[in-house]
Structures are given as C-alpha cells and as structure tokens.
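*Asks:* Listed below are the residues making up each chain.
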Amino acid sequence: MVQSINQHEVKLDFRAKKFIIWLFVVSSTIMFGGWTSYYIVFAASKGKGHGLVLPDLFMYSTGVLLVSSVCLFLASRAFRNQEFSMQKFFLWLTLGLGVIFAYLQISAWGTLVQTGAVFSNNNAAISLIYVVSGFHILHILAGLGLVLGSLFGAYRNISVDRQQFRMEITSIFWHFIDILWIYLYVFLLLNS
Amino acid sequence: MSTITIQNNQHHDSHDDHAHGHHKETFLSKYVFSMDHKMIAKQFLITGIIMAVIAMGLSILFRLQLAWPDRSFPILETFLGKWAEGGRIRPEFYLALVTIHGTIMVFFVLTAGLSGTFSNLLIPLQLGARDMASPFMNMLSYWFFFTACVVMMCSFFVQTGPASAGWTVYPPLSALPKAIPGSGTGMTLWLISMICFVVSSLMGGINYVSTVLNMRTKGMDLWKMPLTIWAFFLTAILGILSFPVLVAGVVLLIFDRSFGTSFYLSDIVIGTQVLPNEGGSPILWQHLFWFLGHPEVYIVIMPALGISSEVISVNSRKPIFGYHAMVYSLIGITILSFIVWGHHMFVTGMNPLLGGVFMITTLIIAVPSAVKTFNYLATLWRGNIRFTPAMLFAIGLVSFFISGGLTGIFLGNASLDINLHDTYFVVAHFHLVMGSAAIFGMLAGVYHWFPKMFGRMMNAKLGYLHFWLTFICAYLVFFPLHFLGLDGVPRRYYAFTEFEFMQKWVTVNIFVTWAAIIAALAQVAFLFNFFYSIFKGKVAPQNPWEANTLEWTTPVEHLHGNWPGEIPTVYRWPYDYSKPGAEEDFIPQTVPFSLTMSSNMPHDFEGNTEAERIQEEWMAAQEAKQKTIVD
Numbered sequence: 001m002v003q004s005i006n007q008h009e010v011k012l013d014f015r016a017k018k019f020i021i022w023l024f025v026v027s028s029t030i031m032f033g034g035w036t037s038y039y040i041v042f043a044a045s046k047g048k049g050h051g052l053v054l055p056d057l058f059m060y061s062t063g064v065l066l067v068s069s070v071c072l073f074l075a076s077r078a079f080r081n082q083e084f085s086m087q088k089f090f091l092w093l094t095l096g097l098g099v100i101f102a103y104l105q106i107s108a109w110g111t112l113v114q115t116g117a118v119f120s121n122n123n124a125a126i127s128l129i130y131v132v133s134g135f136h137i138l139h140i141l142a143g144l145g146l147v148l149g150s151l152f153g154a155y156r157n158i159s160v161d162r163q164q165f166r167m168e169i170t171s172i173f174w175h176f177i178d179i180l181w182i183y184l185y186v187f188l189l190l191n192s
Numbered sequence: 001m002s003t004i005t006i007q008n009n010q011h012h013d014s015h016d017d018h019a020h021g022h023h024k025e026t027f028l029s030k031y032v033f034s035m036d037h038k039m040i041a042k043q044f045l046i047t048g049i050i051m052a053v054i055a056m057g058l059s060i061l062f063r064l065q066l067a068w069p070d071r072s073f074p075i076l077e078t079f080l081g082k083w084a085e086g087g088r089i090r091p092e093f094y095l096a097l098v099t100i101h102g103t104i105m106v107f108f109v110l111t112a113g114l115s116g117t118f119s120n121l122l123i124p125l126q127l128g129a130r131d132m133a134s135p136f137m138n139m140l141s142y143w144f145f146f147t148a149c150v151v152m153m154c155s156f157f158v159q160t161g162p163a164s165a166g167w168t169v170y171p172p173l174s175a176l177p178k179a180i181p182g183s184g185t186g187m188t189l190w191l192i193s194m195i196c197f198v199v200s201s202l203m204g205g206i207n208y209v210s211t212v213l214n215m216r217t218k219g220m221d222l223w224k225m226p227l228t229i230w231a232f233f234l235t236a237i238l239g240i241l242s243f244p245v246l247v248a249g250v251v252l253l254i255f256d257r258s259f260g261t262s263f264y265l266s267d268i269v270i271g272t273q274v275l276p277n278e279g280g281s282p283i284l285w286q287h288l289f290w291f292l293g294h295p296e297v298y299i300v301i302m303p304a305l306g307i308s309s310e311v312i313s314v315n316s317r318k319p320i321f322g323y324h325a326m327v328y329s330l331i332g333i334t335i336l337s338f339i340v341w342g343h344h345m346f347v348t349g350m351n352p353l354l355g356g357v358f359m360i361t362t363l364i365i366a367v368p369s370a371v372k373t374f375n376y377l378a379t380l381w382r383g384n385i386r387f388t389p390a391m392l393f394a395i396g397l398v399s400f401f402i403s404g405g406l407t408g409i410f411l412g413n414a415s416l417d418i419n420l421h422d423t424y425f426v427v428a429h430f431h432l433v434m435g436s437a438a439i440f441g442m443l444a445g446v447y448h449w450f451p452k453m454f455g456r457m458m459n460a461k462l463g464y465l466h467f468w469l470t471f472i473c474a475y476l477v478f479f480p481l482h483f484l485g486l487d488g489v490p491r492r493y494y495a496f497t498e499f500e501f502m503q504k505w506v507t508v509n510i511f512v513t514w515a516a517i518i519a520a521l522a523q524v525a526f527l528f529n530f531f532y533s534i535f536k537g538k539v540a541p542q543n544p545w546e547a548n549t550l551e552w553t554t555p556v557e558h559l560h561g562n563w564p565g566e567i568p569t570v571y572r573w574p575y576d577y578s579k580p581g582a583e584e585d586f587i588p589q590t591v592p593f594s595l596t597m598s599s600n601m602p603h604d605f606e607g608n609t610e611a612e613r614i615q616e617e618w619m620a621a622q623e624a625k626q627k628t629i630v631d
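In the order they appear, the protein sequences are chains A and B.
Going by my numbering, 129 is the number at position 129 of the first sequence; the sequence numbering is gapless.
Going by my numbering, 417 is the number at position 417 of the second sequence; the sequence numbering is gapless.
None of these hints come from the bench; they were simulated from the model.
Fair warning: there could be bad hints in the mix.
To be verified - Taking beta-carbon pairs under 7 Å as the criterion, some of the chain B residues facing chain A (in silico): (1) LEU202; (2) ILE206; (3) SER210; (4) MET215; (5) GLY219; (6) LEU241; (7) PRO244; (8) VAL245; (9) VAL247; (10) SER258; (11) PHE259; (12) THR261; (13) PHE263; (14) LEU288; (15) LEU465.
As the list claims (entries may be wrong) - Here chain B is said to cover these stretches of chain A; the calculated rule only asks that three of the stretch's residues, wherever they fall, bring their Cβ under 8 Å from a Cβ of chain B: (16) 13 to 22; (17) 38 to 49; (18) 57 to 64; (19) 124 to 131.
Note that the coordinates shown come from a computational prediction; the quantities given were computed from them, not determined experimentally.
All C-beta atoms, glycine included, are put in the ideal place defined by N, C-alpha and C.
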C-alpha cells in the first residue's frame, strides 16, 4: 500500500508535520514569554516579586522531569538500535515520571495554599506562579498524550516510518516542556 | 496535540486509499468536515462574507444613532426589541455595536476571512503542493473559527447583551462583570470566542509556515515564490509570534473576572463598594494586548498587499516593479511591527523618552510601506493595463493605503497623537489604511481567484458597479471623519451632540451615514454576483487572466491533490509578463528556458555558465541564420 504512493512525497509530509511541532513550540514559548514579561514589568513597577520561598516540592518535581527526559532519550536510542522492548520500557518510565511530576506540581500548590499564598491574591506575582505552572501542567498532559501515542504505535507495530515520526515529535515536545519548566522555575527563583 | 498526530496518520491511510481509487466522499467529508484546502478556503470565505455582512449591518445601526440622535425609528424596536426601546438605540447597545463591529471586522473578516481564504487556497496551489502540511489541523482551524463566530453571535442573545468595552476590551471596564451590562456574560463569551479564534489562527498559521517551508515543488526556491505567498508566509509568522501573547493576556483577564485575582485591578470603587483587588495594573493589559494588536493590523494588511501585488502585475502585463524590494519591505514590516506597539499608549502616562522610541520606530515602519506603494505605482506606470474588477479593487487598495497611511504619520508623532487620541481622526485613519485597504485587497482576491475557487467567472459589469460605488462611498464615509477628529470629537460617544461645540458636526454625520447606507447597498451587487456566479456564472477557462502562477495549471474541475499527474516543475520567477522577444505577453512558471530561447536574458540563468553557453550558441546560430537570409 505504501509503495503505491510516491515515497518522496511521504517523507516530505513527515518533515512538514515535524516542523509543525517546532512551530507550536515557538508559539507556546511566546505565550509563556508573555507571562514572564508581565511578571518582570509588574515586579519592576511595584518593587516586589512573589516574595516566597518556593516549596521544595518544585525542586523534586524538576528532578523527576529531568529524569523523565533522560528516559525518553534512552527510549529513542533503543528505538534507533531496534531494541523494541527497551524502547517500550523507557516509554512507560517516561509516562510514569510525567504523571509523578504532575502530581508533585499539584502537591506543591497545596503547600503554597497552606502557607497562605493562595491563587486569588492581591499580589499578582503569586497568582502568576499558579498560572505558569498550571499551563505547564496542561503541556505535560499533551506531552503524556504524545508518549501514549508512541507507545500505542510500538505495540500495534505500525510502519517504522510512522513509529519514527511519533518518537521524534514526542521527543521534540517532551524535551521542550522539560526545558520550559526549568526556565520557569529558575525565573521564579531569581525573581522572588 | 496527541490526537492531532494520531489523526494525521489516519489521514495518511485515507490518502493511500485515495491513490488506489477507493476514496469515498460523503457529503459530510466533502462539504462539512473537509480536509481539502480548496474547500476549507471556500468555507473561510463564505463564513467571512457572512460575518462581514453582519458587522456592516451593525455599523449601519450605530451610524443611524450618530446621524439622527433624537429621531425614533420604530422599525428598530421590531428587530432589536428592548435594545431599541421606542425605536431608539440604547446607549449600552450602542457600545456593544461598536465593540462587536470592530471585533468581527478585525478578527473574523480581515484576519480569518482574508488569510484563511487566500492562504488556504493559494499556498498549496501556487507552490505546487498536494495539500497543506496537516490537512486535519487545517480542518480544525476552520471549525475553531466557526465556533468562535457562533459564540460571538450568541452574545447578542444573552440578557445583558454583548461585550461593550471596545474591541480592545481594556480593563477595568472589561474585568469587572458589574461595571456595565456588557461586561457580564457578553464579555465572558467574547473571551471564549477569542480563545477559539486564536487557536484557529495559530493552527492555520503554523500550517501555512510549515507548508511554505517544506512542501514547495521542484524548482520553487524561495525567490521564485509569488509575492502573495511571501505575504501569507510572513503574515503567518507574525501571527505565530504575536497571537500567543494575546492568549497570555486573555487568560489573566479571565482569572481577574472569575477567580478574584488582581492582575489588572487595583483601587476600584463601584458605587460605594470598595473592591478588595489591589496591586494590579490595567496598563499591563494594554502592553500585552497591543503587543499582539499592532502586529495584528499588519496581519490584516499584508495578505491584502500580497494579493494586490499579484493582481496589479498580472493586469498591468508587467513584471512587478522591485520584486526583491517588495519581499524585503514585507520582511521589514514584519520585524518592525513588533516594536511599535507603544504608539497606541502615548496617553497612558508613558515615559516621554520611551514614547520617543516608539515614535521613531513607528515612523521607520512608514519606509517599507512607502517602498511598497511606490512599487505599485511603478508597476502600473506605462503598463498595458486591463481594468478587470480585481484590478480596480487592487488599485483602490493602493489609493486607500496612501491616503490612510499618510495620517498614520501624523498619529505616530506622540505630540500630535496626544491631541488626536481617541478622536474620529483615529477612526478615519485606520478605517482607510487597514479597513478599506484590506477589504479592497480581499475583494480583489475574490474577483481574481473566483474562477479558481468555483470554476466560473463573476459578472464584470456588476463588479464595476460594486467597485465604483464602494470606492466613492468609502471615501465619503471616512474622509469627513478626519475633520471631526481635528475638531476634537471623541470616538465611541453615544450622543456627542450633548456638547455644544460638537453640535455643528451633526450635518456631516448625516452625510456620512447616507454614504455608509449607499456603500452597504452596493454590497448587494457583490453578494448577488458572488452567489449567483457560483451556480450560474460563465464557465471559466483554465487561465482566464493569462497569469503565470502555478494555480492556473490545475484543471478547472477541482480534484483532491490538485494536479492529476505529477506536480509541475517550476523553472522561472512568476512575473515574466511582456518579456521582449517572447511570443506571448506571459510565460508561465512551468515553461523551461529551453522553450523560450528568443526571450531569455543573461540574468535569467542566475550565473549558470552552462545555460549561458547554450544560450550564446543559440544566439550565434540565429544571427548566422539571419545573415544567410539577408545575403
């Protein structure tokens, strides 16, 4: 079936679709850029940031997310080396760590609420912590969907081209949300 | 994102089926949930036209109020019920009318209707691609847009009416549901609609950029792309870089409205009630909004400029003057448009030094805009002009772009803007330069590519009628507004006649309203022409305008995948019109240089020495032949 259409056109199609993910990464970066620049202008004009000691949970979750990125990298490598059971193992690991990350983020909110730094706050900088981490969790959910897509592809044994395509877009997106969170965390640490 | 990827792959399967000839098209998959870029373009166009008619109707309603502030029109009550009790439009409804008119026109008509239609139609056709990078995302893009339109229209049917804080929805007015009736449910619906809209334009824009960069046919390098594609490409980049900032701003506004945060709110008293919100700043909304909002006006005008580049070149039978300059000026506008947003905020108490910076960048952006204008004029100059309706509308765009652009230079100067801010001078300026100019570009595109979209021709005579009435009336509507503005008449006022010094302007407003009514009636000529010609128009030949670009090499009957056989290869730039020595006055992009030996120029070969050698040999042989004939 695949042979009947022009191989070249299909390759081109995958390249174009992969590029779509990159462009999504760009626009998403800009959205978070909008919030962090809001923060900078807000903090500069009011002379105050969120003024909190961020909960330790954020530090643990960052670690979890980093490890999950490493796992996804290992899964990609296993796929390239055609070690498919290893690939599935590391994909499951990535998925699990992603879920743990989301759980830790939400518990970190719990800690923040306990210290009185609630979302509906007269200090917009504190509200913004929830906004950026919340929208980051939405990205994590989307990323988990992509990981699941790669897993399904691996189990259903779809064509190698398509599996590779799925692995690639999952990697682009997951590493992006990893770096995005590190940016946000460091930003919040530096601008307290 | 995951569903999208999975679905993409499913689409692949169906594409494979298609190659085998098993493709089944149902009504739903062909006309409703279509993934064919040509059908999606038509969906965008027709939805855009419907929204434009609605928004135009709204403008006539508030123009009635402005011209005859004391007269009662009982028919209005029949239609609008409590919004026009006693036949007079209520002040709250007046504000809703201007707000929704602006929102629909800027976002739904001139962004989605214009880019959505022509980027979808022309990017694959003019670049030689089977479809968009992701047809499924393209379909989603339309349906998000459609949802946005429906949600926006729903706000007319809620108890408190549609959003009324102006199309820029500045807080605190928009952030406090209790501030005015329009800030209630209507505002919530506005924000939801806007989020859908942004999702739609991001999906569309991302698709356009990826398609342009990855799916060009053989031989189509970037410098062989028609200017339409350059314009759509850069417009899509602008959208990708600026719309997410609007989302960021809108999300914070939603939290302020519904979750008690204070991003934009501080020190507010409603009646006797002091609100708890503290520490926010409404100016920050303006920054976030105009960081999108200013690029947005270029998102509106650039596709129109691209369309008119193509239409003017084709119908002048001349290569576009300064192709490279046209591209670089588009790039210049794209970059500069991100650093001018502050000129909307000169009166917010901005640091004068910062105001000066924004003033300088604003004046610099006039340079690429002027380059484009001069190039249009130089293309027209001594051209073998064919005055088709599309050509007239493209020339009309140039006219509006000049007359509206000049007042932009006034308004870009902080010292003048402080006087003119929020007066009718601003209304006149942007209705000419981005309103009329962009809609004329869109109409030029509709008249020009109608044969490609529907396989039939539009009636030219009705087109001329439509053009002249619209062109004259647009000037009659917007030109007088400059003088109101210079005299200090503020925009958005329900009844400015309450101020004695402005009463003298009522007569002008009556004149303007009549001109607006005639302009609105003129659109009936277009609407009839458009819908009648879809079914009953003259069947179009394959290349009705004798144009060079690739879309005219596709068959008149649409088919999935655009070209029946292999995708054609491109050999030359798209503007070889009236080339000296050529047999006809146009040479399509698909004609190789080996078939046009008599008209090839040394620079055509871009330094390919082998080709130059062959050409020289051919010329020498021709000369020898000439000599023997003479001898």
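*Asks:* Does each hint fit the structure? Answer for all of them.
*Replies:* The hints, checked one at a time:
1. LEU202: holds, 6 Å
2. ILE206: Because about 4 Å separates B/ILE206 from the closest Cβ in chain A, which is inside the 7 Å limit, the hint holds.
3. SER210: holds, 4 Å
4. MET215: At about 5 Å, which falls below the 7 Å cut-off, the nearest Cβ of chain A leaves the hint on B/MET215 intact, so it holds.
5. GLY219: violated, 15 Å
6. LEU241: holds, 6 Å
7. PRO244: Status holds, d = 4 Å.
8. VAL245: At about 4 Å, which falls below the 7 Å cut-off, the nearest Cβ of chain A leaves the hint on B/VAL245 intact, so it holds.
9. VAL247: holds, 5 Å
10. SER258: Cβ of B/SER258 sits 10 Å from chain A, so the hint is violated.
11. PHE259: B/PHE259 check passes; min Cβ-Cβ to chain A is 6 Å, inside 7 Å.
12. THR261: holds, 4 Å
13. PHE263: For B/PHE263, the interface hint holds, since the closest Cβ of chain A sits about 5 Å away, which is under 7 Å.
14. LEU288: Holds, about 6 Å.
15. LEU465: Violated - the Cβ of B/LEU465 stays beyond 7 Å from chain A, reaching only about 43 Å at its closest.
16. 13 to 22: holds (count 7)
17. 38 to 49: holds (count 5)
18. 57 to 64: violated (count 0)
19. 124 to 131: holds (count 4)
Violation of the numbered hints given earlier is confined to hints 5, 10, 15 and 18; the remaining hints are satisfied by the structure.
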